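So the sequence shown is numbered by the numbering used here: it starts at 0 and just counts up by one.
Heads up, a few of these hints could be off.
What the hints assert, rightly or not - Once the Cα atoms are required to be at most 27 Å apart in a straight line, the calculated DSSO-like pairs of lysine-lysine come out as:
(1) K106 with K46
(2) K106 with K43
(3) K46 with K113
(4) K63 with K43
(5) K63 with K113
(6) K119 with K43
(7) K50 with K63
What the hints assert, rightly or not - Using C-beta positions, here's what the derived DEER-type ranges look like:
(8) W39 with S75: 29 to 35 Å
(9) I12 with D52: 29 to 35 Å
(10) T51 with Q80: 42 to 48 Å
These aren't lab readings, by the way, just hints derived from the structure by calculation. All of these numbers come straight from a predicted model, not from anything done at the bench. All C-beta atoms, glycine included, are put in the ideal place defined by N, C-alpha and C.
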Amino acid sequence: MSEVLYEAHPSMIRMYPFGTVLAILLIPLGIGILILLWWWLTTKADKLTIKTDEIIWEHGLISKQYTEISMSSLRSVRVNQSLLQRILSAGNVEVYTAGDDPELVIKGMPNPDKIREYIKGQGAA
Numbered sequence: 000m001s002e003v004l005y006e007a008h009p010s011m012i013r014m015y016p017f018g019t020v021l022a023i024l025l026i027p028l029g030i031g032i033l034i035l036l037w038w039w040l041t042t043k044a045d046k047l048t049i050k051t052d053e054i055i056w057e058h059g060l061i062s063k064q065y066t067e068i069s070m071s072s073l074r075s076v077r078v079n080q081s082l083l084q085r086i087l088s089a090g091n092v093e094v095y096t097a098g099d100d101p102e103l104v105i106k107g108m109p110n111p112d113k114i115r116e117y118i119k120g121q122g123a124a
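Kindly produce the complete structure, drawing on both the sequences and the hints.
Pasting the structure below:
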């Protein structure tokens, strides 16, 4: 049985910092609550789990989609961060197995460097 090293959902506030502030300002009009609720649901629909032997990406609330990647098949991990994402400690993580296209692209994850280190420490090149 493999040990869970990391488990997280994308960060709503870090993905939409200005949009979150705007949505909070729109709460008295009623639309702000709907926007925040929608963003919260979309972030809770995704979950990344890093275990000692595999990466699991879950997507969906009602119908689920799972992507499992074995640590032994990983080739590389790339972290992309804009300036604002760097300030907010968020970023996009790309996981490569074979070929030139990433097998998995995870957007808006908190502490993406920590994710990369966990994956590299378990076998990625």
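Checked hints:
no. : hint                     : result
1   : K106 with K46            : holds (11 Å)
2   : K106 with K43            : holds (13 Å)
3   : K46 with K113            : holds (16 Å)
4   : K63 with K43             : holds (12 Å)
5   : K63 with K113            : holds (26 Å)
6   : K119 with K43            : holds (26 Å)
7   : K50 with K63             : holds (19 Å)
8   : W39 with S75: 29 to 35 Å : holds (32 Å)
9   : I12 with D52: 29 to 35 Å : holds (32 Å)
10  : T51 with Q80: 42 to 48 Å : violated (26 Å)
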